[in-house]
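Q: The chain contents come next:
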Amino acid sequence: MKRLGFRVFVALVVGFALFPFGFAVFTSFLGGNALYDLRDIEASSFGIANYSALFESGQYFGQSILNSLQVATTVVGLSLLLGVTAAYALGRIAFRGRGLLLMAILAVSMFPQVAVMAGMYELMHALGLYNRTFGLVLPYMLFTLPFTVWVLTTFMRELPRELEEAAVMDGCSPWRILVSVFLPLLWPVLVSVGLLAFVAAWNEFLFALTFVNQDAGRTVPVAISLIGGGATSRELPWGKLMAASVLVTLPLVAMVLVFQKKIVAGLTAGAVKG
Amino acid sequence: MVKTLERPAQKTSATGLARQRRRSAVAFLAPMVVVLVLVAFAPLARSLWLSLTDARIDNLSGQFVGLSNYVGAYGLFFTGDGWIDPRWATAVGNTLRFAVVSVSIETVLALAVALMLDTEFRGRSLVTAAVLVPWAVPTVVSAKLWDWMLQQQFGVVNLALAQLGFERIAFTTEYPMWSVVLVDVWKTTPFMALLILAALKMLPRDCYEAARVDGVHPVKVFLRVTLPLIRPALAVAVIFRLLDALRVFDVIYVLTGSTESTISMSGFVRDQMIENGDVGLGSAASTVLFVVIAACTLVYMKAARVRAGEGT
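One line per chain: the protein sequences are A and B, in this order. Mapping of the first sequence onto the numbering used here: residues 1 to 274, in sequence order. Mapping of the second sequence onto the numbering used here: residues 1001 to 1312, in sequence order.
One chain only, chain A, in its complex shape (with noise of 0.2 Å):
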């Protein structure tokens, strides 16, 4: 009996997370009236129509994408460097001021956005960078940046000092260091860190929503929300927008089932490693 209610509640919570992406999958696939009414369904009810219609011209979908793909990659190659190299000094070398700045990065991580809204406007404007789709990687950096320098600095810190201690007797410089015997141990943290960087810039909606104000340069959350225009709830192309949501998640969620555990792991480091 106890086990039986274990078994529905596990079916229901794996019910509960999996159905609505799994529902999304499913009518991205209808047309016509199968979409708004279920017992309508044929075999000729499904196809990718909904999908090619996305590509078709005079529609920036595709150009969403590389636009997303572009600047979250950027994000993520330049939040590992600067992250790696901090953590190394935040990690490993005792100065004055380490846990200020520690606590600095900490506080940064809990910035709301909008409260550097007006500034990250104005310098957006400043360097040139505003309505450009790649200046968006300027204020990502602010959340992947102090999320990335916090969990690399506490692995950082669990690394044998022997290690270390070996190599400055070979005369290795702190930089050798960092590279040849740091990095290949740190790989792994790197990866879920990566990750986790990669999910945060792709999702993002609020600045990509105000600081880029082409179709052609929105990324993809944007564009998803722009599908339909200022069309009522009920006139919206469902099927366009399911398929949309797709595409956008489908390598999130591919991501997810083949690094689930380094995610697990990247996920719990940042938020509760003290």
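Quick caveat, the hints were computed from the structure, so don't treat them as lab data.
Rough simulated footprint, nothing fancy, chain A against chain B, three-plus residues with beta-carbon under 8 Å: (1) 1017-1024; (2) 1125-1135.
Capping the alpha-carbon separation at 27 Å, the derived lysine-lysine pairs in DSSO-like fashion look like this: (3) B:Lys1220 with A:Lys2; (4) B:Lys1201 with A:Lys261; (5) B:Lys1201 with B:Lys1220; (6) B:Lys1302 with B:Lys1201; (7) B:Lys1201 with A:Lys262; (8) A:Lys2 with B:Lys1201.
Derived, one-sided and incomplete: chain A residues facing chain B with beta-carbon distance under 8 Å: (9) Phe9; (10) Leu82; (11) Phe95; (12) Glu122; (13) Phe205; (14) Thr210.
Even for Gly, the Cβ is constructed at its ideal location relative to N, Cα and C.
Got chain A sorted already, so can you dock chain B onto it with the hints?
A: Using the frame of chain A, we list chain B on its own:
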């Protein structure tokens, strides 16, 4: 004898090394610090300054107006009609309601899911992966997904309701706040469950062995052993989520727009700043939000340190 001779020599080389290391620390840290100042502290300071001006979106070089964006007839507080501007009050109220309700529900659900994932059963890693899926779905997409499922005429939820003989419900217009909470709960419970699960995994197993041998009721074990032991981690998870909930923007913006019944503090800021062009007032509101979140952050840091202090 040899020792005393060796020590000074070692010391000088050690301090030389330490100095060299400190120099490299500066070089390693500089780029990160520069970027952080550029994207966080400088814009924050500028926003603070702009909140003291009458800057508009098309002309940011406004006049200094003191605190009049904060208090007075055109400010957020003590407007003359009342102690708080009604639109701002709505945004603050919505945000607090959203944060408290959704984080409460998420905490209870996440605790249940975490306890489930902490039990040995067949297919556990598959279930963990499944639970993680909503977390991976971008917020905008989850809002649109649920919008579609909750849609009044064609939504699958209403289709089910109709099959069961109930009236169709226009969820997002009749119960906008609950719709937003539902989407948020769906999306973020997994994240919280994982944080709690991490804490559960670090619990000493022998306590449970002893309890089982003594035949203590599982509920009692949970209340007397598990809960007190994971409380610090739970506090961290709750505050972490609370901070996130207080700055909520996209799920609300996409699901229900800037309607009065759900607009959040972040939504209010963006509305004032970008749609109305009133950068001064928007920045004042964002500064208030920042102060609220900073206060919560201090609590979080305390909680995090408590946890670190308890020897994890």
